[in-house]
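Novice: So you can see what is in the structure, the chains are spelled out below.
Number of protein chains: 4
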Amino acid sequence: MLTWNRYGKSSVRLLKVGRAAGPHEIIDLTLSVGLEGAFEPVYAEGDNTSCLTTDAMKNTIYAFARQDPIDHVEAFASRLAGHFGAKPGVTLARIEAVEHPWTRLPVDGRPHPHAFTQAGGEEWTCAVTRGADKTSVEAGVRGLVVLKTADSAFAGFLRDEFTTLPETRDRLLGTSIMAVWQYAPGFTGYGERDVIRRALVETFAAHKSESVQHTLYAMGEAALAACAGIVDITISLPNRHYLLADLTPFGLENPGEVFVATDRPYGLIEARLSRQPSGGRP
Amino acid sequence: MLTWNRYGKSSVRLLKVGRAAGPHEIIDLTLSVGLEGAFEPVYAEGDNTSCLTTDAMKNTIYAFARQDPIDHVEAFASRLAGHFGAKPGVTLARIEAVEHPWTRLPVDGRPHPHAFTQAGGEEWTCAVTRGADKTSVEAGVRGLVVLKTADSAFAGFLRDEFTTLPETRDRLLGTSIMAVWQYAPGFTGYGERDVIRRALVETFAAHKSESVQHTLYAMGEAALAACAGIVDITISLPNRHYLLADLTPFGLENPGEVFVATDRPYGLIEARLSRQPSGGRP
Amino acid sequence: MLTWNRYGKSSVRLLKVGRAAGPHEIIDLTLSVGLEGAFEPVYAEGDNTSCLTTDAMKNTIYAFARQDPIDHVEAFASRLAGHFGAKPGVTLARIEAVEHPWTRLPVDGRPHPHAFTQAGGEEWTCAVTRGADKTSVEAGVRGLVVLKTADSAFAGFLRDEFTTLPETRDRLLGTSIMAVWQYAPGFTGYGERDVIRRALVETFAAHKSESVQHTLYAMGEAALAACAGIVDITISLPNRHYLLADLTPFGLENPGEVFVATDRPYGLIEARLSRQPSGGRP
Amino acid sequence: MLTWNRYGKSSVRLLKVGRAAGPHEIIDLTLSVGLEGAFEPVYAEGDNTSCLTTDAMKNTIYAFARQDPIDHVEAFASRLAGHFGAKPGVTLARIEAVEHPWTRLPVDGRPHPHAFTQAGGEEWTCAVTRGADKTSVEAGVRGLVVLKTADSAFAGFLRDEFTTLPETRDRLLGTSIMAVWQYAPGFTGYGERDVIRRALVETFAAHKSESVQHTLYAMGEAALAACAGIVDITISLPNRHYLLADLTPFGLENPGEVFVATDRPYGLIEARLSRQPSGGRP
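Heads up: the protein sequence lines correspond to chains U, C, F and S, in order. Those letters in the first sequence? Residues 2 to 283, per this note's numbering, in order. Those letters in the second sequence? Residues 2 to 283, per this note's numbering, in order. Those letters in the third sequence? Residues 2 to 283, per this note's numbering, in order. Those letters in the fourth sequence? Residues 2 to 283, per this note's numbering, in order.
Calculated directly from the structure, the hints in this document are not laboratory data. Hints may contain errors.
Stated by the list, open to error - In silico DSSO-like links for lysine-lysine, alpha-carbon gap of 30 Å or less: (1) C:K135 / U:K88; (2) C:K88 / C:K17; (3) U:K209 / S:K17; (4) F:K209 / C:K17; (5) U:K209 / U:K135; (6) F:K209 / S:K135; (7) F:K135 / F:K209; (8) U:K17 / S:K135; (9) C:K209 / C:K135; (10) F:K17 / C:K209; (11) U:K209 / C:K209; (12) S:K88 / S:K135; (13) F:K88 / F:K135; (14) U:K17 / U:K88; (15) S:K209 / S:K135; (16) S:K209 / F:K88.
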């Protein structure tokens, strides 16, 4: 018995160049379409009469991109969700988009009108889900790598028989911020991403941290305070451990200067803060 | 308001060598621990008294690995879930494990007693979730790359204004199988993985495919038929497109012989088959 | 002053299906073309009259693939090198190819005639370099991951003021074999790859290792002994460290059973063995 | 016969925090050590008496990092090369370093004294090779992703029977700059990296490009002109193709606006410009 199904096209790569009067503009997106619906005959009987091809989904994205200004990826994704959500049999259409930000190359100290550079790590995410009776719009950032070398402690924690970690009032705290927030129904101030992003990183920098959890919570509170248009925010912070190198075998002290940067394992701290009580897990 | 939280250790890398009488045995795992619970004071107040360190979680994994035979990773993960689920404040403990399979190196046609090789792509997954009143055990495979060069069609599909794909009765069908199944409560026949895996790949090979969906469904049915101990199976099949190279500019026919292998975009077909009606999305 | 130049097309992805009588055959390749030559006007003056487009290189690969049996990738690459090496201005043409091996899916214990699986890690490499007066053919393997849990020691090494490593007569030895060998001029027994590969892995398994260097040397000797058609072999062995987990804080012994698998840093041991004295570094 | 050998430690991850008066400073490096020399007994006989462990190499890096200011990674790498090059039997020591740049987080418009962010893509490279009679110092950048949407043409090229590419006077030109330059013996003005980097990107932006080769050459000339202390520069530019989406099936024009961003295949253009004639390939 088929109890859930979804199909679509993933990883459609789109670059759009705006060539209106003045400097060029570019937007660089990776898009995915996923459709849920009454498609049992496709699965169970090999009957494709209700099956829109994923190739057509790809074509639709490029054709819509030609006609849409794509001022904000959230609005573009909403238009796509409306199109696909209206197809026969579809009960839920989900558009996921990742924006890869570019900035203008500086030449002689001024931003160039048609040359750009891409830093590479940080991405801006967006997901629009259109069901029978409501549409939700989420946005976020990920790959936003930050590190603080002061104002981070971890002490007073629970100790069991497997606890060997020493307490510390001064450690490095490094992470790659991933955050996703949900906009209130009808809110379309998608430019608020910058405000939320700034609240996250400025709080990370300024916070007197007792733990990753403690800083995550302060970041979430700051984001909710910064933008009234979001109803919740889910933050995920991997704790990228920097281990103090043990130099005592070589007769050297190491007062918080030389660290071994590690990839694995890592702590992973995740939480959602909401304006209202809300059930369920993400 | 904190409406959800989880923390833990991710990507703990463990190799265990069994050196009992006879040939050596090895098991290679990447493990993660995630705990949900009443940890508001950690987040909101920076009070760590209820916070078990993620470093201790890592230590626990290695210590338990010493004492546990790890005959099946599902049983080892269950033991860890029991341990962490009993910690103060924890409402849900989830252990995720990935097993990286090794096989014995053949030497002179015989499996070597202590030399091994690892193919690298396929992984075996497992997740044990222990809540207040029930424990669920999932297992799966991923990265199982397969391709068939016959018995795959895609025709008779819905056409809209953006549909340009030609119909075909003969195409390549390539994918990387990801499947996750849930064991019935109390079932512990974890060795059934091999039976389920074989049902998946043999069905993929033998099926007269009208679409990826059609083959996915047949694979799911076969898996449910092969092992009575599972209650559902969720299968995810990326459609890795092989495009027939257009050689007409060079005066050459190309009767299904030379293909451009592409990475992106790709179709993505996902569904869950269950023995019983079941609500909700995965 | 332009003192060296090369241009070409990289990462051309090709799958060829052989549909002659009997079971289907497939070959999966990633190819690159690089041309060196008298192309100064292209660089210095923006004069493209001598510039064959890299798009045409890609087209050529697919067109040749239609006409060539591709029994051995070395022969196919040689044919491409001959074609591109004869273009005006070209002084050196280099074709690099990576073969991604597939095996037949077993169904009911028998290899299936048109369904295949790809393990994923191991790749077979080939490079043909055609200059003015000679053509060289190299082949190799990479991503061949192996591990031995006995017969590996590391002791008696040089100790300086930064040496803390304890000596051991029993450690794990894990690596990912990369080997490249050069065929003698005129030799075309490209099927010898299997013989060389077997010599490498069987020697790895059987060798009483005093160091990675020691085992590398034995592997190289075995490869040279196994195939008279190769003039040298260069082997690169990363030493993937498995660290014995320290369980003494938990009152547990760990007699070579539980290891922390690490990625970074890693030792890297490389050497070339040749039949004749030979100058220069790879 | 062993005709070449090298061994060492790769991928040593180091973060150093400078905590002197004023704002903190950080430097983030990945380092490798490779030693060539008279180590035949290690390979051929399993005699380790001349073998410095790669573990000691790692220790040495961390200990030297404690004592060295690491104002410039080139100077730090030179000191390491001097140390390892003086070990018994070593004929050539090579230190490779990758610097992962961090910038200060802006808070209230001002750079924060101890909070940092890392963009992620661009890396700065360095290699110091110390042989018996000379030491060479190379430096470079890689992962510097740029794109221009005007002033890029590709026309007038050679056409053969496999050429189908249309000529264009207006295309997108996107690449990821990798450049390596060699400093003149004795030159230690390692801060010139910024000057060279600026010459590369400003030339990329401003150049009227007839081909990737043409722009590469202009970039190389600009770099040599910008810094008298370098003797050559080798530049590698992958041509990341942006294909104009064909929207004619949907009745839409596409005047250089909507592009399909592709990964593979890609053109690859490489060249070295030197002040003096110089033999050999990189």
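Novice: Indicate, hint by hint, whether the structure satisfies it.
Specialist: For each hint, the structure was consulted:
| no. | hint | in the structure |
| --- | --- | --- |
| 1 | C:K135 / U:K88 | 40 Å, violated |
| 2 | C:K88 / C:K17 | 26 Å, holds |
| 3 | U:K209 / S:K17 | 22 Å, holds |
| 4 | F:K209 / C:K17 | 22 Å, holds |
| 5 | U:K209 / U:K135 | 40 Å, violated |
| 6 | F:K209 / S:K135 | 39 Å, violated |
| 7 | F:K135 / F:K209 | 40 Å, violated |
| 8 | U:K17 / S:K135 | 51 Å, violated |
| 9 | C:K209 / C:K135 | 40 Å, violated |
| 10 | F:K17 / C:K209 | 22 Å, holds |
| 11 | U:K209 / C:K209 | 63 Å, violated |
| 12 | S:K88 / S:K135 | 16 Å, holds |
| 13 | F:K88 / F:K135 | 16 Å, holds |
| 14 | U:K17 / U:K88 | 26 Å, holds |
| 15 | S:K209 / S:K135 | 40 Å, violated |
| 16 | S:K209 / F:K88 | 28 Å, holds |
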